[in-house]
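K.L.:
Line by line, the protein sequences give chains C and Z. Residue numbers for the first sequence follow my numbering, so the first one is 1 and each next one is one higher. Residue numbers for the second sequence follow my numbering, so the first one is 1 and each next one is one higher.
Certain hints may be false.
[Stated by the list, open to error] Straight-line alpha carbon distances no greater than 27 Å define the calculated DSSO-like cross-link-like pairs of lysine-lysine that follow:
| hint | chain 1 | residue 1 | chain 2 | residue 2 |
| --- | --- | --- | --- | --- |
| 1 | Z | Lys180 | C | Lys228 |
| 2 | C | Lys247 | Z | Lys206 |
| 3 | C | Lys228 | Z | Lys206 |
Calculated from the structure, these hints are not laboratory results. Computed from a predicted model, the values in this text were never measured in an experiment.
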Amino acid sequence: MHIPVEGTGPVDHRLRRRAAAALQGALPPGAVLVEDEDTRPYECDGLSIYRQSPMLVVLPETEEQVATTLRTCSSLGLPVVPRGAGTGLSGGALPHSGGVLLSLAKLSAILEIDPRARTARVQTGARNLAISEAAAAHGLFYAPDPSSQIACTIGGNVAENSGGVHCLKYGLTGNNVLAVRGLTIGGEPVTIGSAALDSPGLDLLSVVLGSEGMLLVVTEVLVKLMPKPACARCIMASFGDVEVAGKAVAAVIAAGVIPAGLEMMDQAATRMVEPFVHAGYDLNAAAILLCESDGTAEEVAEEIARMSEILRAAGATRISVSANEAERLRFWAGRKNAFPAAGRVSPDYYCMDGTIPRRHLGHVLRAIREMEQKYALACPNVFHAGDGNLHPLILFDANDPGSVERAEAFGADILELCIAVGGTVTGEHGVGIEKINQLCLQFDAPTREAFFGVRRAFDPHGLLNPGKAIPTLHRCAEFGRLHVHQGRIPFPTLPRF
Amino acid sequence: MTSPADVAAVLSGLTEQVRAAAAGRRPLRIRAGGTKDFYGNPTTGELLDPREYSGLVAYEPTELVLTARCGTPLVLIASVLDERGQMLAFEPPHFGASATLGGCVAAGLAGPRRGAFVPGAGGVRDFVLGAKLLNGRAEVLSFGGTVMKNVAGYDVSRLLAGSLGTLGVVLEVSLKVAPKPVAEETRSFELGEAAALDQCATWAGKPWPVTATAWYGGRLHVRLSGAASAVALACDAFGGERTGAADGAAFWAGIREQAQPFFRRQLPLWRISLPATAPPLALPGEQLIEWGGALRWLASGADAAQTRARAAALGGHATLFRGNPGSAGAFTPLPPALARIQARLKSEFDPMGIFNPGRMYADAPG
Numbered sequence: 001m002h003i004p005v006e007g008t009g010p011v012d013h014r015l016r017r018r019a020a021a022a023l024q025g026a027l028p029p030g031a032v033l034v035e036d037e038d039t040r041p042y043e044c045d046g047l048s049i050y051r052q053s054p055m056l057v058v059l060p061e062t063e064e065q066v067a068t069t070l071r072t073c074s075s076l077g078l079p080v081v082p083r084g085a086g087t088g089l090s091g092g093a094l095p096h097s098g099g100v101l102l103s104l105a106k107l108s109a110i111l112e113i114d115p116r117a118r119t120a121r122v123q124t125g126a127r128n129l130a131i132s133e134a135a136a137a138h139g140l141f142y143a144p145d146p147s148s149q150i151a152c153t154i155g156g157n158v159a160e161n162s163g164g165v166h167c168l169k170y171g172l173t174g175n176n177v178l179a180v181r182g183l184t185i186g187g188e189p190v191t192i193g194s195a196a197l198d199s200p201g202l203d204l205l206s207v208v209l210g211s212e213g214m215l216l217v218v219t220e221v222l223v224k225l226m227p228k229p230a231c232a233r234c235i236m237a238s239f240g241d242v243e244v245a246g247k248a249v250a251a252v253i254a255a256g257v258i259p260a261g262l263e264m265m266d267q268a269a270t271r272m273v274e275p276f277v278h279a280g281y282d283l284n285a286a287a288i289l290l291c292e293s294d295g296t297a298e299e300v301a302e303e304i305a306r307m308s309e310i311l312r313a314a315g316a317t318r319i320s321v322s323a324n325e326a327e328r329l330r331f332w333a334g335r336k337n338a339f340p341a342a343g344r345v346s347p348d349y350y351c352m353d354g355t356i357p358r359r360h361l362g363h364v365l366r367a368i369r370e371m372e373q374k375y376a377l378a379c380p381n382v383f384h385a386g387d388g389n390l391h392p393l394i395l396f397d398a399n400d401p402g403s404v405e406r407a408e409a410f411g412a413d414i415l416e417l418c419i420a421v422g423g424t425v426t427g428e429h430g431v432g433i434e435k436i437n438q439l440c441l442q443f444d445a446p447t448r449e450a451f452f453g454v455r456r457a458f459d460p461h462g463l464l465n466p467g468k469a470i471p472t473l474h475r476c477a478e479f480g481r482l483h484v485h486q487g488r489i490p491f492p493t494l495p496r497f
Numbered sequence: 001m002t003s004p005a006d007v008a009a010v011l012s013g014l015t016e017q018v019r020a021a022a023a024g025r026r027p028l029r030i031r032a033g034g035t036k037d038f039y040g041n042p043t044t045g046e047l048l049d050p051r052e053y054s055g056l057v058a059y060e061p062t063e064l065v066l067t068a069r070c071g072t073p074l075v076l077i078a079s080v081l082d083e084r085g086q087m088l089a090f091e092p093p094h095f096g097a098s099a100t101l102g103g104c105v106a107a108g109l110a111g112p113r114r115g116a117f118v119p120g121a122g123g124v125r126d127f128v129l130g131a132k133l134l135n136g137r138a139e140v141l142s143f144g145g146t147v148m149k150n151v152a153g154y155d156v157s158r159l160l161a162g163s164l165g166t167l168g169v170v171l172e173v174s175l176k177v178a179p180k181p182v183a184e185e186t187r188s189f190e191l192g193e194a195a196a197l198d199q200c201a202t203w204a205g206k207p208w209p210v211t212a213t214a215w216y217g218g219r220l221h222v223r224l225s226g227a228a229s230a231v232a233l234a235c236d237a238f239g240g241e242r243t244g245a246a247d248g249a250a251f252w253a254g255i256r257e258q259a260q261p262f263f264r265r266q267l268p269l270w271r272i273s274l275p276a277t278a279p280p281l282a283l284p285g286e287q288l289i290e291w292g293g294a295l296r297w298l299a300s301g302a303d304a305a306q307t308r309a310r311a312a313a314l315g316g317h318a319t320l321f322r323g324n325p326g327s328a329g330a331f332t333p334l335p336p337a338l339a340r341i342q343a344r345l346k347s348e349f350d351p352m353g354i355f356n357p358g359r360m361y362a363d364a365p366g
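Take these sequences, add in the hints, and give me the full structure.
P.N.:
Shown next, in the form of structure tokens:
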């Protein structure tokens, strides 16, 4: 018994030829990729354990070409999967075997930086970091900074409502986007939000942000820019026990401080990254906290002194404060390179993304330790400690028989534990295809049906990124049966390696 | 505090009322404390009063999260937070002692701090983490959660902020709360409208700890809040006339609650939301400007079409906040593509069109 996934399996070549002809007739030469060798690079996103050949790939260069693509697909009833840089970690851009993979990477222009209004108007394929680079000349920056910021696009950030290491203080993508311009599946342009702080009617931006490309194809984004703080310094605090470190985080928050960044790494994680990054982490500590303050030099000095005192009182065994910008960046380099480091110490890794109420941290980490034994796989942890967002990195070797299945089952156990302690299966990576079964556990049937209602309001025939993010009633019923009677094999129809 | 049995009984009463109304296609007028009756278009229907569905569900200061039922008085929430040195960072107006959390979220109105130049400023929706909603099928839906970061499912809980009860009864809300600033100072400056707007834009371009601005009667008031050293440094740099701590707090409460004399004149009051850097409005009437220029209150008998056209030309929109909206409606009409999406959303949540008909828009459902 297995639960089929919509849009997986072999491509229908007759349908491919027909769809290709329709799209090629409407788009410039070279905009439609048809042959397997051309479409192969698009068969997965950042979650490479799931792969699927797209029927076709379309690479528009203008919004008008996006509209033409959508109108054509909508009239032929073809599913459309939008894709940015393909760095997503939940399979949100996994192609559809009977649909078009719509790559928005070529719509990458930074259209306008308005330094006085502190806004940037950019095309959907603009890279996250490119926005801050363009704004730097004006002393401004775009705050959300997911680890993939060198490569990921703003459109992808909107789709996932991405976070980063500074979102406790600066907010998520959703708190930093003023407006999006997009196209409905019928190719009709809509602008949601504005350069003002609110807009008339229902606040549609709330549901579009984080909607995983299922409501609109976003073509342009108006983001807020922030003045670059004059100064930033970072504390590295060592703890002999993970739970004590968790309580130290609570103590900082209870004292009324909102640090610019507040991250935790356990010993397995520091030992994993240190050989590659030489961040200077305390490898004898059970956990380290990175605790950053930014602002004016005076403000930073005041906050660093205050936080150091709180951390010491909460049981820190060693405290060092970055002496200069190079050292601060080195502290962060270790954290920001945790995923690549996992890729270097292990042939494969699987990154989880649950968020929990912070008070359950000790219990959750202990349970993950036990799961390491159960599944015979190692799992270092990095943690956006300030906002409770865990990133356990399950290390495995796909060539080791059964290891992929164990990694998946391990991941599913972690997600279910996050729900059990009152948290969520995804803090910032999205549900995509990866966590779709666990959504059956997190939301009841009427709530899931309401999600489909939201989807119908935007896309009545469900052609945008079908099969992602929200599980059908049928899937949840099947999952319930599997869950109880047989281990967990989420997507048996997808090839794995 | 209400016992669990009472809570369940109240909820089942509300559910029954919705079920019966939907079965008979009879409209319901959702109203708790009635402090925001003036806001939006008039609506009719049988009263649904959710005030008995009240009480704090959870508050964990170190998690920065508070969850309460809709009937919980806003003053109670403010005092519970205050005891732990925390606050609602969107500084909602109460407009009366009987204001409730449900009404606050449904109205979606934020106060002076919404226009802060500091990181973490935002409107009601930016602080909503989760919500329970009683929909038009008499089902209780549960969106979002009680954690800071959560991208599971569409973020319907934030959509409820400012929905004016048109999608259903907001039953329970989880909010992200914030620590109160350590230090606070208010300064004021003699400045004309254009110069005040210009001054705000200049301040906003640097990381100054500005958490509120208000200009009226030729004077710009600015609130600085944050770390003591940051506030002291800004005070030195800004200069201006110092307002004492008590007077400063009273002044900003007066802006938030619209108790200032400006808000008491016998003229329609327009709420005009613009890009902060938009030039002076140049419409007849008197103004009070907040949010660094992004919110312009206009007391004016000016024609609705003229006011809305000017707001649109400046990149924003105009709401008739107080006064008789008549046929022009309280809110700026939506472009057709958005109006269609919103009408469909409304009918997904409220298929019989029973909740607050016409409160937001007159013709289409909702």
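K.L.:
All the hints need checking, so say for each whether the structure fits it.
P.N.:
Cross-check of the supplied hints:
1. Z:Lys180 - C:Lys228: 23 Å, holds
2. C:Lys247 - Z:Lys206: 34 Å, violated
3. C:Lys228 - Z:Lys206: 8 Å, holds
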